[in-house]
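Enquirer: Starting from the given sequences, assemble the full structure and let the hints guide the process.
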Amino acid sequence: MLSNVKIDTKSDSRAQAYEHNSYLLIYTIADLKNYPDMALPPIATATLQAALVNAGSNVLAQGIKAWRDQTPFVLDLQALFQFTTCAFILSPLTFVWLENLEARLPGFTEDKDVSKTEAKNGPKKQKLNVKNTVAKVIIDQTIGATINTAAFIMTMGLLRGQDFEVIKGQLRDDFVPIMLAGLKLWPFVSVLNFTVVPADKRLLVGSLFGVIWAVYLSLMSG
1404 MLSNVKIDTK SDSRAQAYEH NSYLLIYTIA DLKNYPDMAL PPIATATLQA
1454 ALVNAGSNVL AQGIKAWRDQ TPFVLDLQAL FQFTTCAFIL SPLTFVWLEN
1504 LEARLPGFTE DKDVSKTEAK NGPKKQKLNV KNTVAKVIID QTIGATINTA
1554 AFIMTMGLLR GQDFEVIKGQ LRDDFVPIML AGLKLWPFVS VLNFTVVPAD
1604 KRLLVGSLFG VIWAVYLSLM SG
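1440 is the number that the numbering used here gives to position 37 of the sequence shown; each next residue is one higher, with no gaps.
Wrong hints could be hidden among the right ones.
Said to hold, decoys possible - In silico BS3-like pairs for lysine-lysine, Cα to Cα no more than 25 Å straight-line:
| id | residue 1 | residue 2 |
| --- | --- | --- |
| 1 | Lys1528 | Lys1587 |
| 2 | Lys1534 | Lys1587 |
| 3 | Lys1604 | Lys1587 |
| 4 | Lys1530 | Lys1604 |
| 5 | Lys1587 | Lys1468 |
| 6 | Lys1604 | Lys1534 |
Derived from the structure by calculation, the hints contain no laboratory data. Predicted model, so just to flag it, every value in this text is computed and none were measured.
Expert: Listed below in C-alpha coordinates is the structure:
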(Lines of atoms letter the chains of each structure in order from A and count residues from 1; the text may use other names and numbers.)
(Lines give C-alpha, C1' and ligand atoms only; values in the text may rest on other atoms or scores of the structure.)
Protein backbone atom coordinates (compact mmCIF):
# COMPACT_ATOMS: atom_id res chain seq x y z
CA MET A 1 0.00 0.00 0.00
CA LEU A 2 2.75 2.42 0.99
CA SER A 3 4.63 1.63 -2.21
CA ASN A 4 1.87 3.39 -4.16
CA VAL A 5 2.33 6.62 -2.20
CA LYS A 6 4.37 9.27 -3.96
CA ILE A 7 6.11 12.04 -2.09
CA ASP A 8 5.98 15.52 -3.59
CA THR A 9 9.63 16.59 -3.32
CA LYS A 10 10.56 19.60 -5.41
CA SER A 11 14.16 20.31 -6.23
CA ASP A 12 14.35 23.71 -4.59
CA SER A 13 15.72 24.11 -1.07
CA ARG A 14 12.42 25.36 0.35
CA ALA A 15 10.58 22.18 -0.60
CA GLN A 16 13.42 20.08 0.82
CA ALA A 17 13.26 22.06 4.06
CA TYR A 18 9.51 21.43 4.32
CA GLU A 19 10.11 17.72 3.74
CA HIS A 20 12.78 17.54 6.43
CA ASN A 21 10.74 19.58 8.93
CA SER A 22 7.60 17.50 8.30
CA TYR A 23 9.37 14.24 9.01
CA LEU A 24 11.13 15.73 12.05
CA LEU A 25 7.91 17.18 13.47
CA ILE A 26 5.85 13.99 13.09
CA TYR A 27 8.70 11.81 14.38
CA THR A 28 9.17 13.99 17.45
CA ILE A 29 5.47 13.86 18.34
CA ALA A 30 5.24 10.10 17.85
CA ASP A 31 8.49 9.44 19.74
CA LEU A 32 7.08 11.01 22.91
CA LYS A 33 4.88 7.92 23.27
CA ASN A 34 8.04 5.96 24.09
CA TYR A 35 8.35 7.88 27.35
CA PRO A 36 5.17 7.02 29.30
CA ASP A 37 6.74 8.01 32.62
CA MET A 38 7.44 11.54 31.45
CA ALA A 39 4.77 13.71 33.04
CA LEU A 40 3.52 16.40 30.69
CA PRO A 41 1.27 19.28 31.75
CA PRO A 42 -2.31 18.98 30.47
CA ILE A 43 -1.81 21.80 27.98
CA ALA A 44 1.17 20.00 26.42
CA THR A 45 -0.70 16.70 26.23
CA ALA A 46 -3.69 18.39 24.58
CA THR A 47 -1.42 20.16 22.09
CA LEU A 48 0.35 16.92 21.10
CA GLN A 49 -2.99 15.15 20.68
CA ALA A 50 -4.27 17.97 18.48
CA ALA A 51 -1.09 17.94 16.38
CA LEU A 52 -1.34 14.19 15.78
CA VAL A 53 -5.03 14.47 14.91
CA ASN A 54 -4.39 17.33 12.50
CA ALA A 55 -1.48 15.53 10.86
CA GLY A 56 -3.50 12.36 10.31
CA SER A 57 -6.54 14.31 9.19
CA ASN A 58 -4.54 16.28 6.65
CA VAL A 59 -3.14 13.09 5.12
CA LEU A 60 -6.67 11.67 5.03
CA ALA A 61 -7.97 14.86 3.39
CA GLN A 62 -5.26 14.67 0.75
CA GLY A 63 -6.26 11.08 0.03
CA ILE A 64 -9.94 12.04 -0.23
CA LYS A 65 -9.10 14.90 -2.59
CA ALA A 66 -7.01 12.60 -4.81
CA TRP A 67 -9.82 10.04 -4.90
CA ARG A 68 -12.40 12.74 -5.66
CA ASP A 69 -10.26 14.16 -8.47
CA GLN A 70 -9.39 10.64 -9.69
CA THR A 71 -5.67 11.40 -9.57
CA PRO A 72 -2.74 9.45 -8.05
CA PHE A 73 -2.18 10.15 -4.36
CA VAL A 74 0.80 12.48 -3.95
CA LEU A 75 1.62 13.31 -0.34
CA ASP A 76 2.08 17.07 -0.04
CA LEU A 77 4.55 17.39 2.82
CA GLN A 78 4.41 21.17 2.70
CA ALA A 79 0.66 21.19 3.43
CA LEU A 80 1.16 18.51 6.10
CA PHE A 81 3.83 20.58 7.84
CA GLN A 82 1.76 23.76 7.68
CA PHE A 83 -1.40 22.14 9.03
CA THR A 84 0.43 20.37 11.87
CA THR A 85 2.33 23.52 12.81
CA CYS A 86 -0.96 25.43 12.86
CA ALA A 87 -2.25 22.95 15.45
CA PHE A 88 0.85 23.52 17.59
CA ILE A 89 0.28 27.27 17.49
CA LEU A 90 -3.48 27.40 18.10
CA SER A 91 -4.13 24.42 20.39
CA PRO A 92 -2.59 25.98 23.54
CA LEU A 93 -4.73 29.08 23.04
CA THR A 94 -7.85 26.94 22.63
CA PHE A 95 -6.93 24.95 25.74
CA VAL A 96 -6.58 28.10 27.86
CA TRP A 97 -9.87 29.43 26.48
CA LEU A 98 -11.78 26.27 27.45
CA GLU A 99 -10.14 26.09 30.88
CA ASN A 100 -11.10 29.68 31.68
CA LEU A 101 -14.61 29.13 30.35
CA GLU A 102 -15.08 26.11 32.61
CA ALA A 103 -13.62 27.94 35.61
CA ARG A 104 -15.95 30.91 35.20
CA LEU A 105 -19.03 28.85 34.28
CA PRO A 106 -18.69 25.44 35.98
CA GLY A 107 -20.97 22.89 34.38
CA PHE A 108 -21.61 21.05 37.63
CA THR A 109 -22.27 22.71 40.99
CA GLU A 110 -23.22 21.50 44.44
CA ASP A 111 -26.79 20.21 44.65
CA LYS A 112 -28.55 22.53 47.13
CA ASP A 113 -31.54 20.20 47.35
CA VAL A 114 -29.52 17.57 49.22
CA SER A 115 -30.44 17.48 52.89
CA LYS A 116 -27.86 18.28 55.57
CA THR A 117 -28.01 14.68 56.80
CA GLU A 118 -27.21 13.29 53.35
CA ALA A 119 -24.41 15.81 52.94
CA LYS A 120 -22.79 14.70 56.21
CA ASN A 121 -23.04 11.00 55.40
CA GLY A 122 -21.39 11.13 51.99
CA PRO A 123 -19.60 13.24 49.42
CA LYS A 124 -21.33 16.32 48.14
CA LYS A 125 -23.47 15.59 45.10
CA GLN A 126 -22.91 17.57 41.94
CA LYS A 127 -25.81 18.76 39.82
CA LEU A 128 -25.75 19.90 36.20
CA ASN A 129 -25.95 23.67 36.11
CA VAL A 130 -28.16 24.16 33.07
CA LYS A 131 -27.80 27.94 33.06
CA ASN A 132 -24.00 27.79 33.07
CA THR A 133 -23.92 25.01 30.48
CA VAL A 134 -26.17 26.88 28.04
CA ALA A 135 -24.18 30.10 28.54
CA LYS A 136 -20.92 28.22 28.04
CA VAL A 137 -22.06 26.60 24.79
CA ILE A 138 -23.36 29.92 23.42
CA ILE A 139 -20.16 31.82 24.30
CA ASP A 140 -17.96 29.06 22.91
CA GLN A 141 -19.90 28.79 19.66
CA THR A 142 -20.03 32.55 19.05
CA ILE A 143 -17.04 34.40 20.51
CA GLY A 144 -14.79 31.34 20.71
CA ALA A 145 -15.64 30.07 17.23
CA THR A 146 -15.17 33.53 15.71
CA ILE A 147 -11.71 33.96 17.22
CA ASN A 148 -10.65 30.39 16.43
CA THR A 149 -11.81 30.52 12.80
CA ALA A 150 -10.14 33.86 12.11
CA ALA A 151 -6.95 32.70 13.85
CA PHE A 152 -6.88 29.50 11.75
CA ILE A 153 -7.25 31.35 8.44
CA MET A 154 -4.62 33.95 9.35
CA THR A 155 -2.14 31.41 10.76
CA MET A 156 -2.37 29.21 7.67
CA GLY A 157 -1.86 32.27 5.49
CA LEU A 158 1.24 33.32 7.42
CA LEU A 159 2.67 29.79 7.31
CA ARG A 160 2.28 29.89 3.52
CA GLY A 161 4.13 33.19 3.32
CA GLN A 162 1.11 35.09 1.99
CA ASP A 163 0.89 38.86 2.31
CA PHE A 164 -1.73 40.75 4.28
CA GLU A 165 -3.98 41.51 1.32
CA VAL A 166 -4.20 37.83 0.34
CA ILE A 167 -4.95 36.79 3.93
CA LYS A 168 -7.61 39.50 4.17
CA GLY A 169 -9.21 38.13 1.01
CA GLN A 170 -9.23 34.62 2.44
CA LEU A 171 -10.90 35.91 5.60
CA ARG A 172 -13.56 37.53 3.46
CA ASP A 173 -14.14 34.43 1.33
CA ASP A 174 -13.68 31.55 3.81
CA PHE A 175 -14.74 32.87 7.22
CA VAL A 176 -18.51 32.60 6.79
CA PRO A 177 -18.49 29.15 5.08
CA ILE A 178 -16.28 27.71 7.83
CA MET A 179 -18.44 29.24 10.58
CA LEU A 180 -21.65 27.91 9.03
CA ALA A 181 -20.14 24.45 8.58
CA GLY A 182 -18.96 24.50 12.19
CA LEU A 183 -22.49 25.18 13.44
CA LYS A 184 -23.51 21.80 12.01
CA LEU A 185 -21.03 19.96 14.23
CA TRP A 186 -19.51 21.79 17.18
CA PRO A 187 -22.65 22.84 19.10
CA PHE A 188 -23.59 19.16 19.30
CA VAL A 189 -20.07 18.27 20.46
CA SER A 190 -20.13 21.03 23.08
CA VAL A 191 -23.47 19.93 24.50
CA LEU A 192 -22.31 16.31 24.56
CA ASN A 193 -19.05 17.18 26.28
CA PHE A 194 -20.51 19.55 28.84
CA THR A 195 -23.44 17.34 29.87
CA VAL A 196 -22.54 13.65 29.41
CA VAL A 197 -18.81 13.16 28.98
CA PRO A 198 -16.64 13.14 32.15
CA ALA A 199 -14.19 16.03 32.34
CA ASP A 200 -11.13 13.80 31.91
CA LYS A 201 -12.57 12.32 28.68
CA ARG A 202 -13.60 15.54 26.96
CA LEU A 203 -10.29 16.03 25.17
CA LEU A 204 -10.53 12.53 23.73
CA VAL A 205 -14.09 13.08 22.49
CA GLY A 206 -13.15 16.45 21.06
CA SER A 207 -10.18 14.90 19.26
CA LEU A 208 -12.35 12.19 17.71
CA PHE A 209 -14.79 14.75 16.33
CA GLY A 210 -11.79 16.88 15.46
CA VAL A 211 -10.77 14.31 12.85
CA ILE A 212 -13.92 15.09 10.87
CA TRP A 213 -13.45 18.82 11.29
CA ALA A 214 -9.74 18.80 10.47
CA VAL A 215 -10.44 16.90 7.24
CA TYR A 216 -12.98 19.58 6.32
CA LEU A 217 -10.54 22.40 7.11
CA SER A 218 -7.79 20.67 5.15
CA LEU A 219 -10.04 20.45 2.09
CA MET A 220 -11.22 24.04 2.59
CA SER A 221 -7.69 25.40 2.89
CA GLY A 222 -6.46 23.53 -0.14
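Enquirer: Please go over all the hints and tell whether each is borne out by the structure.
Expert: Taking the hints in turn, this is what the structure says about them:
1. With a CA separation close to 34 Å, the supplied pair lysine 1528 and lysine 1587 exceeds the 25 Å bound.
2. With a C-alpha separation of about 22 Å, the suggested pairing of lysine 1534 with lysine 1587 holds against the 25 Å cut-off.
3. At roughly 22 Å between alpha-carbon atoms, lysine 1604 and lysine 1587 fall within 25 Å of each other, so this suggested pair holds.
4. For the hint pairing lysine 1530 with lysine 1604, the CA-to-CA distance comes to about 18 Å; that is within 25 Å, so the pair holds.
5. In summary, the hint linking lysine 1587 to lysine 1468 is supported, as the alpha carbons are separated by about 22 Å, within the 25 Å threshold.
6. Simply put, lysine 1604 and lysine 1534 have alpha-carbon atoms about 22 Å apart, close enough for the 25 Å limit, and the pair holds.
Hint check: a violation occurs at hint 1 only; the rest are consistent with the structure.
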